[in-house]
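Visitor: These are the residues of each chain, in order.
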Amino acid sequence: MLELAGLAKRYGEVVALDGAGVVARPGRIVGFLGPNGAGKTTAMRSVFGLVALDAGTVAWNGRQVDAAARLRFGYMPEQRGLYPKMRVGAQVAWLGRLRGMSRTDAARSTEAWLERLGLDGRSNDRVEALSHGNQQRAQLAASLVHDPDLLVLDEPFSGLDPMGVDAMSEVIRGRAAEGATVIFSSHQLDLVQDICQDVAIIDRGRIVAAGTIDDVRGTAPSRRLEVSFTDPSVRWDPPNARLIRDRNGLRIYMVPRDADPAAYLTGAMAAGVVSGFAFEAPRLSEVFREAVGR
Amino acid sequence: MNFLRSTYLVAWREATERARSRAYVVSTIFTVVLVGGLIAVVALTDTGGPKSYTVGRAGVAPPALATSIAMVATASDVLVSQTEYSDAAAARQAVADGDIDAAIVAGDTIVVKHADGSTIEAILATALGQARLVQQLDALGVDPATLTDAGAISVVATEPPKSDTGEGIAVTTVVLLFLVITTYGQWVLMGVVEEKSTHVVEQVVSSTSVRSLLAGKVIGIAALGLGQLVLLVVLVIGAGSVFDLFTLPSATVPTALWSIVWFLLGFAFYAVAYAAAASLVSRSEDAQAGAMPVALFGVASYLVALTFVVPDPESTVSRVISLLPPVAPIAYPARIAFGDAPVWEILAGVALTIVAIVAVVRLAARIYAGAILSAGGRMKPRQAWRASRELAGR
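Those protein sequence lines, which keep their order, are chains H and X.
The first sequence stops at residue 1419 when you use the working numbering, and every number in between is there.
The second sequence stops at residue 397 when you use the working numbering, and every number in between is there.
Only chain H is shown next, with the shape it has when bound in the complex (with noise of 0.2 Å):
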């Protein structure tokens, strides 16, 4: 289990981490979330000792986080990097050993990593004549060589076309599937809702909202509740609502949880031909802003 608690970093004026904490538990997929600048790399760096904390802990299965427990890590950096002349395969089973692995057995990872990521035929390519969803798979090779038991992803998505991103979540699942502990960030918030079962969400260096998906939302304040009527035109001002959105009939509100969807439904009727009604708890974006009054 990895616990980051009460993590504190100012560069300057600028305050990173303001107390922030995580958590992720083996065989379970954390997605660690919140805009830009957030403060999601410093976290993650923080882990692998690569930013020095003015305050907080890093420790995995209760012990505080050293060299050691570090070569049973995978980590994949928000700004990708390998040596951009040395050859795929040589790269990659170079980390391995790196990591502790014999030559053998790097080289035998390397090869099945290579091939389950479809890059099999380019280990004797430089890395830099691959293209860049290659270079993010070799990346991703690179992290998972050594099948660590936390596999730590900084934007793993980003820059991946849809076929990209399904190998990708299929790779991570996979990972948690057999037990090891993943973590990854993202700054789409409701790109990745299918793909982790837990989340923590983080605004300016603070966790804004944590724990699993379901209870993220289902604990929300608000409910979307979104109404579809045949007639664009239609004036209806529900009460206790908050329009989010307004396109070609469809409307978006946010209304307080504990509100009555009969009641909204109803007085929607009366308002005009209603084609479409849903009354749901609200995604990780509206939580998100919720929580931050933006």
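Since the hints were derived computationally from the structure, they do not count as laboratory data.
These figures come from a predicted structure and were not determined experimentally.
Treat the hints with care, since some could be wrong.
[What the hints assert, rightly or not] Capping the alpha-carbon separation at 20 Å, the derived lysine to aspartate or glutamate pairs in EDC-like fashion look like this:
hint: 1; chain 1: X; residue 1: Lys116; chain 2: X; residue 2: Asp141
hint: 2; chain 1: H; residue 1: Lys1210; chain 2: X; residue 2: Glu20
hint: 3; chain 1: X; residue 1: Lys116; chain 2: X; residue 2: Asp90
hint: 4; chain 1: H; residue 1: Lys1210; chain 2: X; residue 2: Glu197
[Claimed, not checked] Here's a subset of chain X near chain H, in silico, CB distances under 10 Å, partners left out:
hint: 5; residue: His202
hint: 6; residue: Val361
hint: 7; residue: Val363
hint: 8; residue: Leu366
Note that the Cβ used here is the ideal one computed from N, Cα and C, for glycine as well.
With chain H's structure known, arrange chain X on it following the hints.
Guide: Using the frame of chain H, we list chain X on its own:
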């Protein structure tokens, strides 16, 4: 993962990846050609061995001529082989054809291709004069042998004997060491900047220590430089002794061996300084500007060695200058090339340089550790120094 294993892995990667790069192959060939050329020039213009000539004789001549030529040749430290020709025309033709360097015909004429006051011209003129003198004394009934008893001539030296000429070797060594240390120092510079600018350093340091990365890089690149230098030494000494292509001054072998020691010391000194300078910048465009102070030290040391130490290696100025750690790695091999540097002084230089290396490594490693993981623009050494205290243990 202990420090030694990860340092070894980093060094292994540096050495094997770079050894297959075109830059290394090209620079190896270039250096071999450069040094081969320099050695050839030194060997041809400045050899320690005697020059040799072939001369011809034809027609009547003083009876003692052959003996006289041999004696003067020995006294002038040249080898002269002599050939008897049947007539003057044949001897002239042989000179004209370049078969022989000169000829004496009819006992009164020296034939050369170009009358330019060459050594052989002077030797033959002296020898001919001696032979005539002996002939005339003989005609007067004086035994030439009694003349040699007229009194011994002694030679008095105002200074101890000069060792054989080491200047060519000294200059070659200074140039070569400067080139090798600078070239491989630049590799460290560019390698560190590449790691930082491509962010690969985060991936590497997430599973090893910053100090392993620095030490491994310097050691791996040093191994390449060492390999190149050893190849050169083997080539030079091998060509000189095995194939007998040219005669090398006697100080060549010790100079070459000492150069390897001084390369390692000089490289350690400059490479970690280059690494520290490189860690402070984030973009490869800024690398050279960032490394300017280190590069200036190198160039200044090179110029000092060439202008003060090479012309007068054992002067007080040279002896003091060569003790300075930045200068020592290129100044001492130059002094060793002249063969006059006292061993205790060389060892003192080694000791002093090692002390300086320890100091530079501690300073540079700390700056490197504090700066290599920083984001953003150029960092000041002082900021890096402070940052490294916070990142203690990495």
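Visitor: Which hints from the list above does the structure break, by number from lowest to highest?
Guide: 1, 6, 7 and 8
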